[in-house]
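*Asks:* These are the residues of each chain, in order.
Number of protein chains: 2
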Amino acid sequence: MAKSMSLLWGAGSPPCWRVMITLEEKRLQGYKRKLLSFQKGEHKSQEVLELNPRGQLPAFRHGDVVVNESTAACLYLENRFQSQGNRLIPDSPAEQALVFQRMMEGLTLTDRLNSVIYYDLLVPEEERHDSTLKRSKETLSTELQLWEGYLQNVWSISNHTPVSLRLTASALFPMWSFIQTLSAGRFPKLAKYYSLLKERPSIKASWPPQWMSSRQGYGVLKDL
Amino acid sequence: MAKSMSLLWGAGSPPCWRVMITLEEKRLQGYKRKLLSFQKGEHKSQEVLELNPRGQLPAFRHGDVVVNESTAACLYLENRFQSQGNRLIPDSPAEQALVFQRMMEGLTLTDRLNSVIYYDLLVPEEERHDSTLKRSKETLSTELQLWEGYLQNVWSISNHTPVSLRLTASALFPMWSFIQTLSAGRFPKLAKYYSLLKERPSIKASWPPQWMSSRQGYGVLKDL
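So the sequences go chain by chain: A and B.
Heads up: the first sequence begins at 2 in the working numbering, then just goes up one per residue.
Heads up: the second sequence begins at 2 in the working numbering, then just goes up one per residue.
It is possible that some hints are incorrect.
Identical copies carry no separate label here, and so any pair may be met within one copy or between two of them.
[Claimed, not checked] Using 27 Å as the maximum straight-line C-alpha spacing, the simulated BS3-like pairs for lysine-lysine come out as follows:
hint, residue 1, residue 2
1, Lys45, Lys35
2, Lys138, Lys4
3, Lys4, Lys190
4, Lys138, Lys223
5, Lys35, Lys193
6, Lys190, Lys41
7, Lys223, Lys33
8, Lys135, Lys45
9, Lys4, Lys45
10, Lys33, Lys138
11, Lys205, Lys190
12, Lys45, Lys138
13, Lys45, Lys199
14, Lys193, Lys41
15, Lys223, Lys190
16, Lys35, Lys223
17, Lys193, Lys45
18, Lys138, Lys35
I should point out that these hints are in silico values taken from the structure, not numbers from a laboratory.
The structure presented is a predicted model; accordingly, all values stated were derived computationally and were not measured.
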């Protein structure tokens with residue numbers, strides 16, 4: 002089945018890795034995969050634009066189905082291959098609600114992380130303000146404290162259900178990997194969750210080359 | 002069943018209305034509903050914070066299940082009440098992929114709309130730049146043209162399947178309602194889609210009081 006799948010992806014892109022982790026969790030190996038360079042602008046190439054008019058990666062195809070939004074691709078793959086590999090959406094309505102809730106909250110975390118990490122990249126120099134970045138860091142810090150609180154209960158839940166297998170973890174791990182640059186003293190649960198997830202076979206198998214090989218670029222997160 | 006549900010909501014909030022439309026589509030009337038005032042800061046009240054630590058609306062509860070992210074609530078309600086009311090996620094994998102894809106893209110549309118409509122509200126005066134707002138308007142205009150293109154095919158799809166019933170429409174309608182202030186000449190398909198959806202019983206029944214009673218505030222969209 003995976004032979005009818007293709008993924009155009011870029012190294013360093015959390016949405017791309019999100020789809021790759023999910024494909025591993027669903028045992029959909031052997032798909033056609035092509036690494037493109039953001040630096041060379043290959044995400045704006047005709048090859049990408051034909052699949053994804055936004056000129057963004059990932060660009061994912063399964064037969065005639067094209068689904069490029071990474072969260073949408075995860076939902077599609079889980080529904081389409083429900084009985085294959087690991088179940089990423091649990092059966093119990095209460096657990097389902099929690100997975101959907103955290104998955105969507107994860108997008109807020111992503112936005113808040115991006116607005117700090119990529120501030121200089123996203124905002125032209127003449128429009129930058131120290132006060133904006135300071136406020137964004139405060140917002141991110143509050144956000145991370147919220148997740149630190151959520152993770153208080155993960156360990157007890159994981160005694161009963163393999164929550165680390167679930168869609169939330171697959172969808173969020175690429176963001177957690179940025180979070181490794183945070184102070185483990187200030188965010189001990191996040192640090193523990195990160196170290197637990199990074200040993201998962203799906204994550205090891207899909208780890209993009211040169212991902213976070215240098216942490217220098219994320220020094221902006223150190224003083225949160 | 003709906004008697005065990007409660008919704009804390011605010012007028013003028015697209016995420017709140019999104020959940021209310023979905024509840025109507027699933028024939029889950031009769032839930033406990035309380036209108037709170039953003040102006041009075043009631044979304045930061047203890048009553049909300051106990052359900053939603055972000056201090057945001059909606060705050061939605063169904064029995065012991067709390068799910069506040071509006072898209073997560075829509076997914077939860079559709080899965081939990083699959084055989085009740087209208088099916089919001091289709092059975093066919095290809096259609097499912099499309100619904101998930103547009104649902105997630107809708108969040109990008111929302112962000113881009115918010116960054117224009119709420120620019121003055123979100124950014125302190127001393128950090129505002131005409132160049133930022135101009136760029137945000139250009140990005141929004143490109144985004145809207147993309148959706149205008151997507152809607153080229155809606156009419157043919159709707160001959161076969163009631164796509165207007167689907168989750169994407171429920172999730173997006175509150176945003177479309179802002180879009181009514183756009184030039185129908187420039188975005189004829191969006192205008193047609195809006196006028197088609199606004200007649201749906203679920204949307205009529207849940208229409209928040211004073212929603213868009215004044216269009217003056219959205220004049221910023223007129224010159225897109």
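*Asks:* Each hint needs a verdict: does it hold in this structure or not?
*Replies:* Going down the list of hints, with the structure as the test:
1. Lys45 - Lys35: Close inside one copy (14 Å), not across copies (47 Å); limit 27 Å.
2. Lys138 - Lys4: neither (43 Å within a copy, 41 Å between copies)
3. Lys4 - Lys190: This pair counts as neither: shortest intra-copy Cα distance 39 Å, inter-copy 37 Å.
4. Lys138 - Lys223: within (11 Å within a copy, 34 Å between copies)
5. Lys35 - Lys193: Cα proximity of lysine 35 and lysine 193: none, with 33 Å in one copy and 39 Å across.
6. Lys190 - Lys41: Classified as neither: same-chain Cα gap 38 Å, cross-chain 35 Å, threshold 27 Å.
7. Lys223 - Lys33: Close neither inside one copy (38 Å) nor across copies (45 Å); limit 27 Å.
8. Lys135 - Lys45: between (32 Å within a copy, 23 Å between copies)
9. Lys4 - Lys45: within (25 Å within a copy, 51 Å between copies)
10. Lys33 - Lys138: For lysine 33 and lysine 138, neither the intra-copy (39 Å) nor the inter-copy (37 Å) Cα distance is at most 27 Å.
11. Lys205 - Lys190: For lysine 205 and lysine 190, only the intra-copy Cα distance (21 Å) is at most 27 Å; the inter-copy one is 46 Å.
12. Lys45 - Lys138: Close across copies (21 Å), not inside one copy (31 Å); limit 27 Å.
13. Lys45 - Lys199: neither (31 Å within a copy, 36 Å between copies)
14. Lys193 - Lys41: This pair counts as neither: shortest intra-copy Cα distance 36 Å, inter-copy 40 Å.
15. Lys223 - Lys190: The answer is within: 17 Å in one copy meets 27 Å, while 48 Å across copies does not.
16. Lys35 - Lys223: Neither, since 34 Å and 42 Å both go past 27 Å.
17. Lys193 - Lys45: neither (38 Å within a copy, 31 Å between copies)
18. Lys138 - Lys35: This pair counts as neither: shortest intra-copy Cα distance 35 Å, inter-copy 34 Å.
Going down the numbered hints, you'll see the structure goes against 2, 3, 5, 6, 7, 10, 13, 14, 16, 17, 18, while the others check out.
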